[in-house]
Amino acid sequence: MTIDWTRNETLVALVILAFGALAALSDPGFLSIATLTDLLRGGIVLGIFATGVLVVLISGGIDVSFTAVAAFTMYATAMVLNAVAPWMPWWAALMLGAALGAALGAINGVLIAGLGLPTLIVTLGTLSVFRGFMLTFVGQRQITTLPPGMREFGRMMLVRGENPDGSIWSLHAGILVTAGVIALTWFILHRTLLGRQVFAIGGSEESARRIGIPVRRVQFLVYVYVGALAGLAGMIHASMARVANPFDLVGLELSVIAAVVLGGARLAGGYGTLTGTVLGVALIVLVRNSLIVLGIPSTWQSVAIGLLILIGTGLPAWQARRAARRAA
Amino acid sequence: MSDAIQPPAPPEALITLDGVTKTYAGITALDAVGFSIRAGEAVCLAGENGSGKSTLIKILAGVERPNRGRVLIDGRPAEGLTPRAAGQAGIKVIFQDFSLFPNLSVAENIAFSAELGAGTRLVRRARAGDLARATLARIGVAIPLDARVETLPVAHKQLVAIARALATEARLIIMDEPTTALTEREVRVLLGIIRRLKADGVAVLFVSHKLAEVLEVCEHVVVLRNGAKVAEGPARDFDAASLTRHMTGRAVGGQAPAPLAEGAPELMRVEGLGKAGAFADVSFSLRAGEVLGVSGLLGSGRTALAKALFGLVRPDAGRIAVADRAVPPGDPLAAARAGIGYVPEDRLTEGLFLTQSIAQNVAVGRLDAHAGAGGVLDLRGLLAEARDWLGRLSVKAPDPDAAVRSLSGGNQQRVVLARWMARSPRVLILNGPSVGVDVGSKAEIHGIIADLAAQGLGVIVISDDLPELLGTCHRILVMKAGRVTEAIAAGGVTEADLAHRLAS
Numbered sequence: 000m001t002i003d004w005t006r007n008e009t010l011v012a013l014v015i016l017a018f019g020a021l022a023a024l025s026d027p028g029f030l031s032i033a034t035l036t037d038l039l040r041g042g043i044v045l046g047i048f049a050t051g052v053l054v055v056l057i058s059g060g061i062d063v064s065f066t067a068v069a070a071f072t073m074y075a076t077a078m079v080l081n082a083v084a085p086w087m088p089w090w091a092a093l094m095l096g097a098a099l100g101a102a103l104g105a106i107n108g109v110l111i112a113g114l115g116l117p118t119l120i121v122t123l124g125t126l127s128v129f130r131g132f133m134l135t136f137v138g139q140r141q142i143t144t145l146p147p148g149m150r151e152f153g154r155m156m157l158v159r160g161e162n163p164d165g166s167i168w169s170l171h172a173g174i175l176v177t178a179g180v181i182a183l184t185w186f187i188l189h190r191t192l193l194g195r196q197v198f199a200i201g202g203s204e205e206s207a208r209r210i211g212i213p214v215r216r217v218q219f220l221v222y223v224y225v226g227a228l229a230g231l232a233g234m235i236h237a238s239m240a241r242v243a244n245p246f247d248l249v250g251l252e253l254s255v256i257a258a259v260v261l262g263g264a265r266l267a268g269g270y271g272t273l274t275g276t277v278l279g280v281a282l283i284v285l286v287r288n289s290l291i292v293l294g295i296p297s298t299w300q301s302v303a304i305g306l307l308i309l310i311g312t313g314l315p316a317w318q319a320r321r322a323a324r325r326a327a
Numbered sequence: 000m001s002d003a004i005q006p007p008a009p010p011e012a013l014i015t016l017d018g019v020t021k022t023y024a025g026i027t028a029l030d031a032v033g034f035s036i037r038a039g040e041a042v043c044l045a046g047e048n049g050s051g052k053s054t055l056i057k058i059l060a061g062v063e064r065p066n067r068g069r070v071l072i073d074g075r076p077a078e079g080l081t082p083r084a085a086g087q088a089g090i091k092v093i094f095q096d097f098s099l100f101p102n103l104s105v106a107e108n109i110a111f112s113a114e115l116g117a118g119t120r121l122v123r124r125a126r127a128g129d130l131a132r133a134t135l136a137r138i139g140v141a142i143p144l145d146a147r148v149e150t151l152p153v154a155h156k157q158l159v160a161i162a163r164a165l166a167t168e169a170r171l172i173i174m175d176e177p178t179t180a181l182t183e184r185e186v187r188v189l190l191g192i193i194r195r196l197k198a199d200g201v202a203v204l205f206v207s208h209k210l211a212e213v214l215e216v217c218e219h220v221v222v223l224r225n226g227a228k229v230a231e232g233p234a235r236d237f238d239a240a241s242l243t244r245h246m247t248g249r250a251v252g253g254q255a256p257a258p259l260a261e262g263a264p265e266l267m268r269v270e271g272l273g274k275a276g277a278f279a280d281v282s283f284s285l286r287a288g289e290v291l292g293v294s295g296l297l298g299s300g301r302t303a304l305a306k307a308l309f310g311l312v313r314p315d316a317g318r319i320a321v322a323d324r325a326v327p328p329g330d331p332l333a334a335a336r337a338g339i340g341y342v343p344e345d346r347l348t349e350g351l352f353l354t355q356s357i358a359q360n361v362a363v364g365r366l367d368a369h370a371g372a373g374g375v376l377d378l379r380g381l382l383a384e385a386r387d388w389l390g391r392l393s394v395k396a397p398d399p400d401a402a403v404r405s406l407s408g409g410n411q412q413r414v415v416l417a418r419w420m421a422r423s424p425r426v427l428i429l430n431g432p433s434v435g436v437d438v439g440s441k442a443e444i445h446g447i448i449a450d451l452a453a454q455g456l457g458v459i460v461i462s463d464d465l466p467e468l469l470g471t472c473h474r475i476l477v478m479k480a481g482r483v484t485e486a487i488a489a490g491g492v493t494e495a496d497l498a499h500r501l502a503s
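So the sequences go chain by chain: A and L. For reference, each letter of the first sequence is one residue, going 0 to 327 in numbering that gives the first Met the number 0. For reference, each letter of the second sequence is one residue, going 0 to 503 in numbering that gives the first Met the number 0.
Rather than coming from a laboratory, the hints here were simulated on the basis of the structure. Source: prediction; values computed, not measured. You can trust all of the hints, since none of them are fake.
Here are the computed distance ranges between Cβ atoms for each label pair:
#1 L:L121 to A:L309: 39 to 47 Å
#2 L:A401 to A:L309: 40 to 48 Å
#3 L:R195 to A:H189: 32 to 40 Å
#4 A:L309 to L:E183: 45 to 53 Å
#5 L:R83 to A:L123: 29 to 37 Å
#6 A:R215 to L:G18: 34 to 42 Å
#7 L:T354 to A:A84: 51 to 59 Å
#8 A:P147 to L:L121: 35 to 43 Å
#9 A:R320 to L:G79: 44 to 52 Å
#10 A:A84 to L:G79: 46 to 54 Å
#11 A:L309 to L:R336: 29 to 37 Å
#12 L:A84 to A:A17: 57 to 65 Å
#13 L:A488 to A:R215: 53 to 61 Å
Built from N, CA and C at the ideal position, the CB exists for glycine as well.
Go ahead and model the full structure; you've got the sequences and the hints to work with.
Structure below.
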């Protein structure tokens, strides 16, 4: 197998390996199942978010409202289920969350695809509206007693085991949902006409229109899909945290977009891979979880993530510009 | 003769336009244009920018509806033609920009329309690959199917666009400006493909302002000027000169500019200028009052050279001097201080503040000269000067305070010129000075260039519009693959000759 050095994926994979090697050198305990499961656990919610963001970026748009959609969904669903349907099983609760998220995403879709408004402006607006609406009309107090279905899901572990020091490690079953979301998204993007239309619109919206792709319909579906994934991720987040905190999640959106861009998706649209996205998420989670192992204070986290973004996205952009200038 | 309804066009006509008229907000873009295209025939539709060519393409493609007149397909009137209906009727447009998806593979680009039409929800790579392979084989070219389209050279992109048009049932292929970016060899490949298509019974409509190259495969020529059909006939009755004469309504070639005064002083000297990957070892000198043309195909380095002269691209080697004083390389401000002005090719994105007023657009180049004590602007003086220049370059604007966006292409170009003239430059670099302007404005812009030169400015015109170069320049530098291969004196060359030297 040949290695393509110009791809972001290669760069990110190398950084992950280097980071892992450094961490292992400074703390031999780093290379353990406990670390791995911690990282996987950290990637469950981020991975679902990032997959949604990848689809929007490929279509040539951007969505910054998904964290608000997730927070709104987990809080409102938890409250409603507690009040009227505490009997609902966990899988139905997750589906309900996805449906509510899709409905909120449809609002973005109508504004963007229907009215033709710029995607960043719309989602910045809805980010604020969804969040403000929830805090004003739904509530501000944490829900510490989740509905039974969500509690059950929160306790669901795929595997668990004992560390050498006697503590317990476990891997949450949510990782299966994330894997399923990634597989489904791969299928949609690469095996359905809809997915290829998403790529085509991101490559050239005007060309897409000229050959008869229903651009607005595809864009609308993209924002509904992102909304559904965000709703799902919100439900999983609350279940795993065992609390629905309305002030949670919002603020995470730029880290997620950064992870996707690090993985090689272009903000201009048309390009991006799930492999790259998974690697990008892995790197961000690794940095968040493991800087401490390296003896770097956690306040440096944001600096490190920022530098990774600057280097990871700046380097390819700089190379592309050099190539373009040579071609001029 | 029976009483059966007679088809209004000869039965073999595939497409007939009958008195097609289109007006936009009171301006007539097409005026009762009529002609027909038969199966297996290639027709040349010639016309300058603004002659109504694009409107005609849009009507045939179903994007626009004519106000009067009709389009007949197979002798039957096509009422309310939509892009979809036009596509189903086999009318395929290959736009000048090809409208491909740069991020997708060759196979996917070719098969996309067919997949859309198939109505399936799932894609099958094998099916798309087979279709793409078969279509490329039909036109006899080999392009790697899984290459990303953005990595292909222009000529291959065009072939992919042709293949995409053929991948679904195609009866008429309309090609918009098909030869703009092709070398002579690539044009020959294209002509070979057109011959194959004609043998298959596919009709081709070439739409361009540079059609001499494709005349040999055409049966029929139609010339538009200012929205009206001014000439039509068998292709053998036309040549490059007669096409140009019909398109412009006057003989453009042969009007060489007024000769350069003997002993005019040297204004600008460029020695050994080079930029890795763009151009190399470019040397020339420019005298006061001289108009120097620089030409070459897309990708020959002409645009990079123009930008380097104005400091927008930093050259790796060589020097530029204006009036014997060296100009620091790669610094547009220093170039402007040295008296170099640059009017970019794409004035919309590079040269103008579209939403700001016309007067402000001119004045922005003179802010420093009108800054008073403490950096406060003398706004009144600034705008008065701007208005003065607008008048001198005869910008037709209802109101200098209107947004530049509201002006026509030719007048926008004049606004950019006015901004530079307000700075009284010594050397003016014009990149594609008449791209996208109508014939009348073009002649006036050429007049302005001649006037500027007569006032003692040195003017460098970068263009691929050969009549423009021949009509305005004293000398023409020909660039190929980043090098100046020839310097041709005005009057020493015909248009066909120059075209050959550029593309061979």
